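Colleague: Letter by letter, the chains look like this.
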Amino acid sequence: MSLPEFLKDLFASWPLLGILPLWMYSLLCVLGLLFLFLFPFAGVAVYIERKIAGDIQARIGPNVVGPYGILQWIADALKLLLKEDIIPALADKKLFIISPMIIFLSGAAAYAVIPFAENMILADLNIGIFYLIAITSMVALGLILGGWASNNKWSLLGGMRAAAQIVSFEVPVALCILTAVLVTGTLDMTQIVKNQSPYHWNIFHNPFMFIAAFVYYIAALAEANRTPFDIPEADSELVSGYNTEYSGMRFAIFFLIEYAECFVICAVATTLFLGGWHPPFIDISGLALPLRMPLQVMVFMTKAVLLLLVMMWIRWTLPRYRVDQLMKLCWEVLVPFSFACLLGTAFWMALFKGKGIPELIYTLLGWAS
Amino acid sequence: MYTQFATILIFLIVGASMVPLMLLVGKILRPSNPDPKKLTTYECGEEPVGGSWVQFNLRFYVIAILFLIFDVEVVLMFPIAVTFRQWMTSQAGKGLLVFAEVALFIGILLIGFAYAWVKGDFEWIKTTRSKKES
Amino acid sequence: MTAQDVFFYIFALIVLLPAIVCVFHPNILYAGLSLFGSFFGVAGIYLLLGADFIAATQVLIYVGGILILILFAVMLSKDIYGSKFQDEKKKKILPTLLGLTLLGFLVKFILTTPWNMTLTDEAPLPTTSRLGDLLLTDYLLPFELASILLLAALIGAIILARSK
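Keeping their order, the protein sequence lines are chains A, B and C. Using the numbering used here, read the first sequence as starting at 1 and increasing by one per residue. Using the numbering used here, read the second sequence as starting at 1 and increasing by one per residue. Using the numbering used here, read the third sequence as starting at 1 and increasing by one per residue.
By construction, these hints were calculated from the structure, which means they are not laboratory data. In this text the structure is predicted, and so the values were computed from the model without any measurement. No residue lacks a Cβ here, since even glycine has one placed at the ideal position from N, Cα and C. Warning: the hint list may mix true and false statements.
What the hints assert, rightly or not - Okay, derived cross-link-like pairs now, DSS-like style, lysine-lysine, Cα gap no bigger than 30 Å in a straight line:
| id | chain 1 | residue 1 | chain 2 | residue 2 |
| --- | --- | --- | --- | --- |
| 1 | B | K38 | A | K79 |
| 2 | A | K83 | B | K27 |
| 3 | A | K83 | A | K94 |
| 4 | A | K93 | A | K79 |
| 5 | A | K194 | A | K355 |
| 6 | B | K94 | A | K355 |
| 7 | A | K79 | B | K37 |
| 8 | B | K37 | B | K27 |
| 9 | C | K108 | C | K92 |
| 10 | A | K93 | B | K119 |
| 11 | A | K83 | B | K119 |
| 12 | B | K38 | B | K27 |
| 13 | B | K94 | A | K93 |
| 14 | A | K353 | B | K94 |
| 15 | A | K83 | B | K38 |
| 16 | A | K94 | A | K79 |
| 17 | A | K79 | A | K51 |
| 18 | A | K194 | A | K8 |
| 19 | A | K94 | B | K37 |
| 20 | A | K79 | B | K119 |
| 21 | B | K119 | A | K328 |
| 22 | B | K38 | A | K93 |
| 23 | A | K94 | B | K38 |
| 24 | A | K328 | A | K194 |
| 25 | B | K94 | A | K194 |
| 26 | C | K108 | C | K91 |
| 27 | A | K83 | A | K93 |
| 28 | B | K94 | A | K94 |
| 29 | A | K93 | A | K51 |
Unchecked claim - So, partial list: chain A residues that the calculated Cβ filter (under 10 Å) puts toward chain B:
| id | residue |
| --- | --- |
| 30 | Y68 |
| 31 | V113 |
| 32 | D124 |
| 33 | S150 |
| 34 | P228 |
As the list claims (entries may be wrong) - Beyond 12 Å from chain B on every Cβ pair, some chain C residues (computed):
| id | residue |
| --- | --- |
| 35 | F24 |
| 36 | P26 |
| 37 | T96 |
| 38 | V107 |
| 39 | F109 |
| 40 | L111 |
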């Protein structure tokens with residue numbers, strides 16, 4: 001059940017909320033997701049990233065606004081809101097305006113199918129993960145347009161590099177997702193999690209899935225243009241890449257969606273490989289729903305945020321790749337590996353009739369799984 | 001099914017109107033001091049030299065074609081991946097046959113992949129290197 | 001008119017208006033980009049027909065793939081904003097005739113095809129797993145041939161790109 005339907009059922013007997021039609025609930029849920037989760041989460045993620053960067057580089061990081069600088073992200077957001085909006089005279093104005101819209105649309109729309117908990121998914125599509133791949137593939141379009149429209153050499157180079165990079169790394173990402181779908185046998189995000197259990201995470205299904213999880217994480221890191229793969233916005237060579245000419249709120253949208261995308265990657269990795277909302281070795285499915293759902297959200301968020309922290313750790317530890325090294329990494333390392341994982345998992349499934357390592361061990365020991 | 005996609009439609013409409021809305025809020029609050037210097041293209045403080053709408057490397061186009069081909073392959077594989085598990089668990093004996101079908105499909109495409117690899121099409125700086133040699 | 005009809009006409013407009021822009025816009029970059037709307041409209045119509053998987057495929061392949069390819073191709077050409085692409089001696093008669101012939105054929109086929117349509121009020125079922133079953137049984141040969149087609153396209157693209 002999706003969140004709007006769940007809420008409608010929940011408030012069915014209430015005097016005012018009960019008579020609202022389902023689409024009103026959907027609208028409220030969408031607005032809630034954007035304003036109560038996406039925007040604040042991206043802000044907090046920026047703050048955490050800056051603190052981690054500070055720690056890794058032996059500095060303090062933001063510490064002025066609020067205790068430990070914890071309100072820094074609100075100050076940043078206000079600052080960006082108040083900045084003058086400049087469109088270069090030589091830019092292609094229409095495309096310059098359209099580009100952030102496409103990026104926002106594709107970056108935010110991916111949140112519609114993230115299963116935070118049972119009944120806590122905005123739209124329980126039966127093609128969930130495939131929809132996510134489709135809608136996020138539009139980001140490349142927005143980046144090329146932004147780079148092109150700015151009529152700036154840095155922007156154009158950045159936009160082109162970004163598009164080529166996203167498009168290349170989408171192949172291993174899609175192949176790894178395909179591998180995970182092979183194991184679960186459904187595209188529905190809720191079902192993918194439900195087909196796993198506290199003892200059967202997809203990542204431990206077989207050795208190939210274990211590799212596929214890492215290939216996915218690395219390739220997705222590159223798809224989101226994160227360091228060490230941030231060639232498109234390499235500040236030492238391209239100033240700021242495709243968003244060089246963007247200022248104020250328009251720049252904020254690029255920045256916001258970058259962090260939003262990072263969370264999507266971690267959430268997808270959690271859902272597909274790390275058992276979604278299932279905590280390790282503890283079965284909470286017997287608890288009552290009002291108790292279970294917050295627990296599941298907490299478990300899901302813990303896993304996703306841990307992956308996000310690893311992402312930040314990588315960013316501030318590793319130096320940047322070169323363009324040719326990057327393309328080589330994609331086509332000569334990640335794509336072959338992901339193909340091998342796909343075929344290996346398919347063969348494993350054929351050989352053991354779809355059973356994973358945990359189930360095989362149980363059968364071997366004679367336990368009922 | 002339609003209810004779920006209706007939510008997606010609402011999401012897309014809200015998402016598309018969110019950016020203009022944010023800019024509108026900004027427009028009320030932010031200053032506006034237009035200045036011709038401000039509107040020039042950024043080129044590290046120098047006067048901009050020429051436009052930037054120039055022809056660029058053909059390699060980008062090749063990468064896009066490669067992506068498109070693999071993308072179509074992945075799309076064709078998705079419905080099979082969904083039913084694969086059922087074929088493995090329910091149809092006894094057919095598991096390896098279905099695996100062979102899938103492996104053939106991927107294998108044929110891998111020939112092309114190997115061809116591109118051997119011919120060095122994945123090497124980004126190949127063109128400049130061959131120019132130096134010739 | 002049911003809600004489905006309303007949505008059909010909205011999606012049809014979303015397909016047609018950008019398509020008209022695509023044909024008549026003097027700037028090829030804008031002409032190519034206007035397809036963005038068309039592709040989404042087509043995806044919407046697929047959804048109305050209950051083909052959820054095909055709709056997402058439409059977005060993935062056309063918006064995420066082909067549109068980027070078109071933009072790359074357009075950006076490879078010189079002087080997009082100049083007047084070069086506006087051929088002064090517009091050849092109008094032959095394309096119009098060809099277009100009308102094509103339209104005639106399409107209309108004829110639409111009118112003569114037995115559609116075998118039965119409208120039901122039931123919500124359409126998920127299609128993905130049935131598609132997979134069909135690809136592995138009835139349409140196995142086309143499925144494997146698609147791989148060969150992709151192989152040919154891959155090698156062709158590489159050779160074409162290398163010849164320049």
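Colleague: For every hint, state whether the structure bears it out.
Modeller: So, going through the hints one by one against the coordinates:
1. B/K38 to A/K79: Distance ~19 Å between B/K38 and A/K79 Cα, so the pair holds.
2. A/K83 to B/K27: holds (9 Å)
3. A/K83 to A/K94: OK: A/K83 and A/K94 at ~21 Å, within 30 Å.
4. A/K93 to A/K79: Holds: A/K93 and A/K79 sit about 24 Å apart, inside 30 Å.
5. A/K194 to A/K355: holds (16 Å)
6. B/K94 to A/K355: The hint holds at about 16 Å.
7. A/K79 to B/K37: This hinted pair holds, its Cα atoms lying about 22 Å apart.
8. B/K37 to B/K27: The given pair, whose Cα atoms are some 21 Å apart, holds under the 30 Å limit.
9. C/K108 to C/K92: holds (24 Å)
10. A/K93 to B/K119: violated (42 Å)
11. A/K83 to B/K119: violated (51 Å)
12. B/K38 to B/K27: Roughly 18 Å separates the two Cα atoms, so the pair holds.
13. B/K94 to A/K93: Violated, at about 59 Å.
14. A/K353 to B/K94: holds (10 Å)
15. A/K83 to B/K38: holds (13 Å)
16. A/K94 to A/K79: holds (25 Å)
17. A/K79 to A/K51: OK: A/K79 and A/K51 at ~19 Å, within 30 Å.
18. A/K194 to A/K8: Distance ~23 Å between A/K194 and A/K8 Cα, so the pair holds.
19. A/K94 to B/K37: holds (21 Å)
20. A/K79 to B/K119: Violated: A/K79 and B/K119 sit about 52 Å apart, past 30 Å.
21. B/K119 to A/K328: Holds - the C-alpha atoms of A/K328 and B/K119 are around 13 Å apart, at most 30 Å.
22. B/K38 to A/K93: Satisfied, since the Cα-Cα distance of roughly 15 Å is no more than 30 Å.
23. A/K94 to B/K38: holds (19 Å)
24. A/K328 to A/K194: violated (37 Å)
25. B/K94 to A/K194: holds (26 Å)
26. C/K108 to C/K91: holds (27 Å)
27. A/K83 to A/K93: Judged against 30 Å, a Cα distance of about 19 Å means the pair holds.
28. B/K94 to A/K94: Cα-Cα ~56 Å, so violated.
29. A/K93 to A/K51: With a Cα-Cα distance of about 37 Å, the restraint between A/K93 and A/K51 is violated, given a limit of 30 Å.
30. Y68: Because about 28 Å separates A/Y68 from the closest Cβ in chain B, which is outside the 10 Å limit, the hint is violated.
31. V113: holds (9 Å)
32. D124: A/D124 check passes; min Cβ-Cβ to chain B is 6 Å, inside 10 Å.
33. S150: holds (8 Å)
34. P228: violated (16 Å)
35. F24: C/F24 clear of chain B: closest Cβ-Cβ about 23 Å, beyond 12 Å.
36. P26: holds (16 Å)
37. T96: C/T96 clear of chain B: closest Cβ-Cβ about 31 Å, beyond 12 Å.
38. V107: holds (30 Å)
39. F109: holds (26 Å)
40. L111: holds (30 Å)
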